[in-house]
Structure formats: C-alpha cells, structure tokens
Amino acid sequence: MNKEPAIQAENLSKKFGDFTAVDQISFTVQPGEIFGFLGANGAGKTTAMRMLTGLSTPTAGDARVAGYDVYREAEQIKRHIGYMSQKFSLYEDLTVRENIQFYGGIYGLSFRMIREKTRELIDRLQLGEVARSLVRSLPLGWKQKLAFSVALLHQPRIVFLDEPTGGVDPITRRQFWEMIYQAADEGVTLFVTTHYMDEAEYCDRISVMVDGRIDALGTPKELKEQYQVESMNEVFLQLARGQ
Amino acid sequence: MKQFQAFIIKEFYHILRDTRSLIILLGLPVVLVILFGFAISNEIKDARIAILDPSRDELSRQLTQKLLASGHFTLSAYLDDYEAIEDRFQQGDTKLVVVYPPDMAQRYGRDREAKIQLVADGSDPNTATTLINYASAIIVDFQREQQPFGTAPLQIVPQLKMLYNPALESVYMFVPGVMTVILMLVSAMMTSIAITREKELGTMEVLLASPLRPSLIVVGKVIPYVLLAVVNTLVILLLGTFVFGVPVEGSLLLLGLECLLFVITSLALGILISTRTESQQVAMMISLIALMLPTILLSGFIFPIESMPWPLQWLSNIVPAKWFIIIIKNIMLKGVGIPFVWKESFILLLMSALLIAASIRNFKIRLA
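Residue numbers (this note's numbering), protein chains in the order written: chain A, 134 to 376; chain B, 459 to 826.
What the hints contain is simulated information worked out from the structure, not anything from laboratory work.
Where hints are given, some of them may not hold.
To be verified - With a cut-off of at most 25 Å between alpha-carbon atoms, the simulated PhoX-like pairs for lysine-lysine come out as follows:
{"id": "1", "chain 1": "B", "residue 1": "K619", "chain 2": "B", "residue 2": "K503"}
{"id": "2", "chain 1": "B", "residue 1": "K657", "chain 2": "A", "residue 2": "K220"}
{"id": "3", "chain 1": "A", "residue 1": "K220", "chain 2": "B", "residue 2": "K619"}
{"id": "4", "chain 1": "A", "residue 1": "K276", "chain 2": "A", "residue 2": "K220"}
{"id": "5", "chain 1": "A", "residue 1": "K148", "chain 2": "B", "residue 2": "K657"}
{"id": "6", "chain 1": "A", "residue 1": "K278", "chain 2": "B", "residue 2": "K657"}
{"id": "7", "chain 1": "B", "residue 1": "K460", "chain 2": "B", "residue 2": "K619"}
{"id": "8", "chain 1": "B", "residue 1": "K503", "chain 2": "B", "residue 2": "K524"}
{"id": "9", "chain 1": "B", "residue 1": "K524", "chain 2": "B", "residue 2": "K657"}
{"id": "10", "chain 1": "A", "residue 1": "K278", "chain 2": "A", "residue 2": "K220"}
{"id": "11", "chain 1": "A", "residue 1": "K148", "chain 2": "B", "residue 2": "K792"}
{"id": "12", "chain 1": "B", "residue 1": "K460", "chain 2": "B", "residue 2": "K657"}
{"id": "13", "chain 1": "B", "residue 1": "K524", "chain 2": "B", "residue 2": "K619"}
{"id": "14", "chain 1": "A", "residue 1": "K276", "chain 2": "B", "residue 2": "K657"}
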C-alpha cells in the first residue's frame, strides 16, 4: 500500500442556494485509520459524506478519495469505496446468500469470486444455518454485521459508515467495533459518523462539525486535553453550544 | 452488463417473493375482463314488465305478445288499475309498465291514433332509458306491421347498422378500457411504489454509492414491470379474442408498439412520482388519485367524454389514457393503420418525452 492519504479534503464547500451546508472543511485521513466524523443533526455531516462518496458535487474546494478526484473521477471513487447507511442496507426479502451475491454482482465481481466470498463470509460470521433464510428473520445485530461484511465484499480501500450502530444493543455494538478494528488492521480506512460518544472514543482521530465547519480535529485524547474535560461527550457539548 | 444482470435478478426476487401482490397483478386483469365481459352488460335481457290493459282486445294482446316475444321483457303481472303501478315499482320486481288505453282497437280503427303510456322506474335512469328505447322500437315496428301494405301515406324506415360492433357488445369497449387501466396500474403505480421503496428502506443511498449508474438503477427497476405489463396485455387480448370474440382487425405489430408506447408514458409518470416522494404510501396515494382516477373516469372508458362539461373535456386532454383508448379502439375495432393514429401516438410520445425530462431534472436536483 502506498503512502498516499486515503481521503484528502481541502477547503471543501457545498452551498444550496444561499445556504452553506459545508463551509471550507479540510482534513486528511491516512490509510488504515478509523476516522470519526461527529456533529449534531444538520451540522453538515451527511452533505460532506455525500461529496466524498461521489453522490454530490462540491461547490468549491478540492478532495481526493482513494486517490481519485471527486469532481472528475466519481465513478472510480464509487468502485473503491464501500458504503453502509444508517438505515439498514440489506434487502429483507432476499436471503443472506442472495444479498451477498447481489452486492458482489453490482460491484462487478466475477462469479467465481462471488462464490468464494460468499462461502468465506458465511463461514466467518457463522451464518451457515441461516444462509438460505430471508434476512428479515435475522436478529438486528446479525444483520448489522452482515451489512458491514457486505460493504467490505469488493475489498474497498475506504468504507463509509453512516451511523452504523443506531438501535443496536451495547454488546452487539462492541462486537461490531471489533469488526471495524479488524478491518482497520487489514489496512482498510474507516470513515464513521456516529451519535454515540463512547464510540467516538474508539476512533483513532475525530473531527467535530458545527454549522458546516470543522471546529475540532484530533485524537480523542488531544481533544479532551484541549477542552480540559473528562469525556468526549463534554467536548461535543462544549462545541455544540458554541463555546 | 453483469452488474446490471445482478440488479435485475434482485428485482425479480422482490416481485416473486411478494406473492400476494403478484397474484393480484396477474389475476386482476383476468377478473376485470371477465367481470366486464359477462356481468356488466349494457344490453338488458328479461327485464320484468307489468301490463295495464283495460281494453283487452285483439290489438293490445298482439302488442303484448310482441313485447314479450322480443327477449328483452318478461311479464311480472297484469295490473287492474293505476294505483297498482306504484305498488309494483315499490315492490321492486317491475322495471317498466305498459299502459294501454281503453278500447285500443276501436280508437286505432276510428281515430287512427291510440296512445300507449310507458312508465319506467326512473330511480335507475340507465335501465329506464334503455327499456323505454326497446319498448318504443318494438311499438313502432308493431305499428308498421298493422298498416295494410301501401296504405301508409309516407314511410321512413331507418335501417340501422352498427359499424365495427354490429351487436353493440359492451365488451368491445371494456377490453381496451381494462387494458388501459391495467397497463397504467402496473407501469405507473407499481414502479413508483417499487422505486420509493428503495428510498424508504435506505437502500437507494447504497445503490447510488455503488458503481451502478443511476440511469441503470431506474431502468433495472422498471424492466420487470414492463415484462409484467406485456404478460397482462397478452392475457387481456387473448381473453378478449377467444372468450368474447372481440376482434383485432388491425396490425398486431402496430397494436404491440402502441401498447409499448403507452407503457413508456406510464413508466415515465411512475418515475416522475417516485422522484418527488419519499414513502411508498404517498407514492401509492398520488398514483391512485392523480393517475388511476383520471384513467378510469376521464379517459372515455366508462363515461363518454363528449357528454362531460367543458372543463372536464379540456382536462381529459392531458390524460394519456384518453389518447391510448382512441388508438387501440381504432386499431382493434376499425382496423386502421398509422395514418389514422399518428396524431394520438405523437401526443403520447410528446408526453413521455416531457415526463422523462422532468424526472431527470428532479433526479439531478436531488443528487446535486
């Protein structure tokens, strides 16, 4: 793996008419890093993420994702990233196996590759017994893990996780984060938005967005020292109150 | 291409797994055609009529005979006086009462005129009008028979011929109508629901973040419904032809192409709706009110457009179904070719182009 940053944003902005949703944000994410992307609702997180995933064109500034330019190479970006939305991103009326085959298919994996990956994934998540059942019948925690694994199916360099653990119990969340760490160990870059402050502590580095700007950026330890508080929760509250 | 294939396979899973909807979508056209073909008919047979005949002479008896022999009427009762007429109607077993004058034969012979009163149950206006028409026609016919040959001063005898539908079978109208409604239902409503479903579930975001092109996503969602529409069209045409004897006089190829054109217009409507709505429920309501209702009411399928007030007549022009019904009736019943349907086809084509352009614009705004 080269030393090129996984994500590099410089003065990236997005305006909708007079409203500036994202205001000149700059940051760099290194390969294999778990980058937490925090902010209150409406702070511009989603818009920023949409620009980085090639869903939306920036109004100004520059950004490169996986080495590709967000303006000119959105197609290439889509090929090299994975995405898991806050809403559950598998199809409930398809079986576990069919979901895996579908996502493998739309990312253009070969049939042989899909077959191998399916077997491997089902073994790893110990889903052998339910491989032929509809995803609808699985417990939420299993679905979540399956969705994450599916997002990794085409071996993307970066995975964007949009509030991935909403509505999941703490134990499952813990297990989910173990999967995230494992992926990071294998060199995948993870870009995670979250509402849970305890999850923020798990990240390597965190940025906090307020009103379209990035007001704080650093490791959880650095941020807590900077704001002289005990937890990320307090860091977040101070920033959100505009202090 | 393989990506697209994976997508289509998924779409078929969605449709096939939803057995209830599938049964409805495949069964509905069959049920509708059979219902309209057999049960709902404009022709009335064996309507019950009562006779009030104070004269009871040869002439009135002959006319009664003739009425009852027509097949349209059966006798419910002979009445004795006027008061009995209303009782009959209130009992509900009589739709029409024929009232003869006293001394009918005498009057006819002496004054050359006899008045017969027809009293119908106006609470059901369509039936009443039809029965009055039947009875009047039979009476006129009877009168002509009564006149000795050559004695009539002047006779104008209309000879009726119903071109394109000699027996005035209502199923001739219902086959094109049902086809229109079903194609609209499958192509517009079902696709709008299918696309908004992905949005509602959040899977649309995931698809958009994948290398699949947005246009392919839309085309992929639409293709299974196009197939379903084709199957439905075939089923309706086959039922119409082999069960009800509705002819397809014109070119089958042209008919197929026109159906495809209407499917495209409907799909464009469905896609446009899905670009503006976020939930399946809203998509369904909009489809029902803005598409299905006008398709049934303002297309000329059930109510003739000519007899609507002008604002509705004007409004009917923007209902694609109106133009499609004209096209397929012309092709199926009159057997005409492109020279007689190109105007309507052009209107549908124009509508499709505008709708698709509007959808693309909406979609771009959403993505921007």
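Quick rundown of the hints versus the structure:
Between the alpha carbons of K619/B and K503/B the distance comes to roughly 21 Å, so the proposed pair stays at or under 25 Å and holds. The straight-line distance between the Cα atoms of K657/B and K220/A is roughly 10 Å, inside the 25 Å bound, and the hint therefore holds. With a CA separation close to 65 Å, the supplied pair K220/A and K619/B exceeds the 25 Å bound. This hinted pair checks out: K276/A and K220/A have alpha carbons roughly 11 Å apart, not beyond 25 Å.
Distance hint between K148/A and K657/B is fulfilled; the C-alpha atoms sit about 24 Å from each other, no more than 25 Å. Between K278/A and K657/B, the direct Cα distance comes to roughly 22 Å. Compliance with the 25 Å bound is thereby established for this hinted pair. At most 25 Å may separate the alpha-carbon atoms for a hinted pair to count; K460/B and K619/B exceed this at roughly 59 Å. Proximity of K503/B to K524/B is assessed by CA-CA distance (about 15 Å); at most 25 Å being required, the pair is judged to hold.
Of the supplied pair hints, the one linking K524/B and K657/B is violated, its CA atoms being roughly 67 Å apart against a limit of 25 Å. Pair hint K278/A plus K220/A holds up; C-alpha atoms about 13 Å apart against a cutoff of 25 Å. For a cut-off of 25 Å, the pair hint linking K148/A to K792/B is broken: about 58 Å separates their Cα positions. For the proposed pair K460/B and K657/B, the alpha carbon gap of about 23 Å is at most 25 Å, so the pair holds.
Between K524/B and K619/B the alpha-carbon distance is near 22 Å, which keeps this suggested pair within the 25 Å criterion. As the CA atoms of K276/A and K657/B are separated by approximately 19 Å, the hinted pair is consistent with the 25 Å bound.
Comparing the model with each numbered hint stated earlier shows that hints 3, 7, 9, 11 do not hold.
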